[in-house]
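> So the protein lines, in turn, are chains V, L, X and P. 175 is the number that numbering that gives the first Met the number 0 gives to position 176 of the first sequence; each next residue is one higher, with no gaps. 27 is the number that numbering that gives the first Met the number 0 gives to position 28 of the second sequence; each next residue is one higher, with no gaps. 10 is the number that numbering that gives the first Met the number 0 gives to position 11 of the third sequence; each next residue is one higher, with no gaps. 187 is the number that numbering that gives the first Met the number 0 gives to position 188 of the fourth sequence; each next residue is one higher, with no gaps.
Source of the hints: derived by calculation from the structure; they are not laboratory data. Errors might be hidden in some of the hints.
[As the list claims (entries may be wrong)] The following label-pair restraints were derived from C-beta to C-beta distances:
{"no.": "1", "chain 1": "X", "residue 1": "92", "chain 2": "P", "residue 2": "215", "range": "15 to 25 Å"}
{"no.": "2", "chain 1": "X", "residue 1": "121", "chain 2": "P", "residue 2": "29", "range": "34 to 44 Å"}
{"no.": "3", "chain 1": "P", "residue 1": "198", "chain 2": "X", "residue 2": "42", "range": "28 to 38 Å"}
{"no.": "4", "chain 1": "P", "residue 1": "79", "chain 2": "V", "residue 2": "135", "range": "27 to 37 Å"}
{"no.": "5", "chain 1": "V", "residue 1": "206", "chain 2": "L", "residue 2": "18", "range": "52 to 62 Å"}
{"no.": "6", "chain 1": "P", "residue 1": "32", "chain 2": "X", "residue 2": "119", "range": "17 to 27 Å"}
Computed from a predicted structure; not experimentally measured. Here a beta-carbon is modelled for each residue, glycine too, at the ideal position from N, C-alpha and C.
As a plain string of letters, each chain reads:
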Amino acid sequence: MKKNFKLMNRLITIGLISVAGMATVYAQTTPPEVTEALNSSFASKGIAKKDRVIPDDIQILCSDKVFLESPAGQKRAIELQAIALAAIKPPSDGKYLGDWKAGDKVAQSGKGATWKDNEKTVNGGSCYNCHQVTKAEMSHGTIGPSLLGYGKMRGNSQEIVTYTWNRINNSKAYNACSNMPRFAHFNLLTEKQIQDVMALLLDPQSPVNQ
Amino acid sequence: MASPMRIRATESGGVVDVKVLMRHLMETGQRKSSDGKPIPAWFITVLDAKVQDKVVFTAEFGPAVSKDPFLNFKLKGSAKKGDTLVVSWVDNKGETNTSSVEVK
Amino acid sequence: MNLQRRKLMQMTALVGLMASAGLITQAEAATWDKAAFEAKSVDDVVKALGGTTAPTVSDKVTLRAPDIAENGAVVPVGVESSLPATQMAILVEKNPSALAAMFILPEGAEPFASTRVKMGKSSNVIALVKSDGKWFMSTKEVKVTLGGCGG
Amino acid sequence: MKRYAIIGTFVVALSGVMVAPAWAQTSAGEQLKAYREALADGNPAELYEMEGEELWVKPMGPKKASLDTCNLGLGPGVVKGASAQLPRYFKDTNKVQDLESRLMTCMLNIQGIPESETIDAPWGKGQKKVMAAIVAYVVTQSKGMKVDVPANLPQEKKMVALGEKLFYQQGGPMDFSCASCHSVDNQRIRMQDLPNITKAKGAQAGWGSWPAYRVGNGQFWTMQHRINDCYRQQRMPFPIYGSDVTIALSIYMANKANGGEIITPGLKR
C-alpha cells in the first residue's frame, strides 16, 4: 500500500489558500469516531492488512461528500487530479497497445487483492463488473459507461491513446472521485496487463470495435 | 439431529402437489479441496414417496442435481387429503433419511 | 458392455451388502440406474435407458427452463407432458455426464416433475418422456452467466 | 455519486459512450426475472430455519441451557417480531446490538459460551453454524412484518450517524466504499441489481431480504456474513464479527429501511 497509507495520514490536514488571497485554512480530516471504529473493527487477514483502512488524500476527500461539494472541496479535487496526472508513467517500452485477447481475459477477471487471494494471485481488471465491453458478454455492470465501440468512435490519435492510458493507470487524474480504481497507482495491474486492456479498447480488431 | 427435510403436500381439484426440500451437499466428485485433493462424490441417488407403503413416485438423481435439492411432483388418484405421505432418500454412501407429512 | 455389466454386478453386490446390514431397503437402492447416470453423451443416456431409436421431438413434451441462469450451480428445470408417461428424464448436454435426474411414474403420478440442476456452462437442456415404450423429447438452450463481483 | 471536475477536452467524448443499448439490458433483465421467480418456490433457507427452531430450545454450552429465555428486546423468550426491531439499544449491555451480537450475549449469559467461540469460528462451522441456523429461525418469525427501527434513543442515533459516515468511507487499494456500489438507483454489478441503500426503497430491498440463502454456494448467509463479504470485495481487511463498524452500518441500513416489508430469509444468487 506504499507510503500514502502511513498512519499519520489519517489525520491529515489540508490547507488551501482562498481566492481572495487571504490565507484561509480548510481543515479536512477523517472524523475521529470513524477512525476509532475502523481501528477497533478491522483485522489483518492474509494479504489484506489492517492498514488498508487508513485513507490516503484522495480517499479522505472522496469520503466527505459535504466537503467535496464545497468550493474548497472542488479546488482540492483539481489539485489532487493534477498530482495524480503528474505521477502517471508512460509505457516503459513505448508500446501503448498489447494483445486484445489477453486484455479481454484481464477485463473478465474480478480476482485479486482480497484476503482470500495471495501474492501469487494474478489480479484481474474487473472491467465487466462495471462496464459493458463487448457485445458477446451480456453479463456486465452499469456502474461505469458502456465501452462498446470505444476505439471505433474515437480513433487512435496519440491524444486518445494517452488519455486512455492515463485513465486506466489512474482514473483520478481526470476525476478525483471517479469510481474507477487506480490500477497502476496501487499496482493492481501490471504494465503488460494495462497494454493488453488498451488493445481491447483501441485495437480495430478487438470485439469492442466490431 | 437428522438432516432436515421439508415436505409440503397440498390437494386441489383432485391433484396433490408435493414439494420437497432436502439438506444434502450433492458433491459432484469433480471438485477439489483447497489443498488440491479431489472431494469424493456424495449425492442422493434415489428418492421415493409412499402412501400406505405403496410407492407413488420415484426420482433418481445424479450428482448434477443442485445442493440442498428441491423436487416438485404431482399425484392424481394415488394420494388424497388426509393421507400420510412418506418421503425417503438414500445417497451413494448408503445414508438414508425419511420424513412424512399429512396431505393438506 | 462387459465392463458395464461388471460394474453393475459390483454395484448389486454392494447394495446387497448394505441391504443385509439394514442400511437401505433393496427396493430403494436397486432402482438407481448407474449405467444411465454414468453415460457421458445424450445418445449414450438414451441407449442406457433402453431407447433403440433417437427420441422423437414432440410438442407434447414441455420443458420449463430459464433462458438465462444467473448461476450455473442452481438452474430450475421442469418437465411436463400431455402424453401418458411412465418415465421422464432431464439431461444437460454439456455436463460431464448428461443425465441429471430421472423420474419413474407409477399409476397415479402426473407426468410432471421439477427440480434444480447444476450446469457447468451454457448448454442445451433436454427433457425426455417415455410413453407407450417410446421416448419423446424437448430441448431448450440455457445460457449460464457470470455474476457478482467475480472475486 | 456525481462526477466532479472532469477536466480536459474529453468530457464530450466520454459522455458519448454512456448510451448503452437499453433493450439488451431489459430483455436480459426480464429473462433473469423469470429465473429468479422459478427459484422463489422452495427456499432452502427453510431447512436452516427448521434446524434453528430445534436449536433454540436445545440445552447447549457449559451451562447446558437453551436460548429460549433469551431477551431479543421484546422480553425473555419472545421471538415473534423481535428481529424486525433490531438493531436496538440494550440497557443491560449498554450497547446497540444487532441480532447476532445480541445472540452472542445470550449464548454467553445463558449458556456460558464465550463470544470468542462464535467470533473466531469460520463461516458455516462450529458456533457460527449454530448461529446461522438460529438466525434463520429468528428472522423467519418476523417475515411479513415491517422493519421497525426508528432509532429514537440517543445511543441509537449516534450509531446511525456513525454508520452513515462509514457508508461513504473509502479505503483499500480500489478506493471503494459501500457508496461505490450502493448510492445510485438502477445500477448493476455484472447482472446483479445493486440496491441504492441511501434511499428508503433500496434500503428496504437490501435490509429486508437479508439474511438469505445463496444458491451460488448453497449457504445461508446472515447479515454479518453479507457485510463481511462486501468488505472482502471492497478489498478491505477483515471486519471483525459483531464489531462496531458492522453494527453501525446495520442500524444505518435498518433505520433507512424503516417501515419496509421484511421478506427474510431471502433467496439470492
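> All hints are to be evaluated individually against the structure, with a verdict given for each.
Okay, the hints, checked on the actual structure:
The hinted range of 15 to 25 Å is satisfied by residue 92 (chain X) and residue 215 (chain P), whose Cβ atoms lie roughly 22 Å apart. For residue 121 (chain X) paired with residue 29 (chain P), a C-beta distance near 18 Å fails the hint of 34 to 44 Å. Separation of residue 198 (chain P) from residue 42 (chain X) is about 54 Å and departs from the stated range, judged on CB atoms against 28 to 38 Å. Taking the beta carbon of each, residue 79 (chain P) and residue 135 (chain V) are about 51 Å apart, not inside 27 to 37 Å as hinted.
Judged by the Cβ atoms, the range 52 to 62 Å given for residue 206 (chain V) and residue 18 (chain L) is violated: they are separated by roughly 44 Å. A hinted range of 17 to 27 Å holds for the C-beta pair residue 32 (chain P) and residue 119 (chain X), which are about 24 Å apart.
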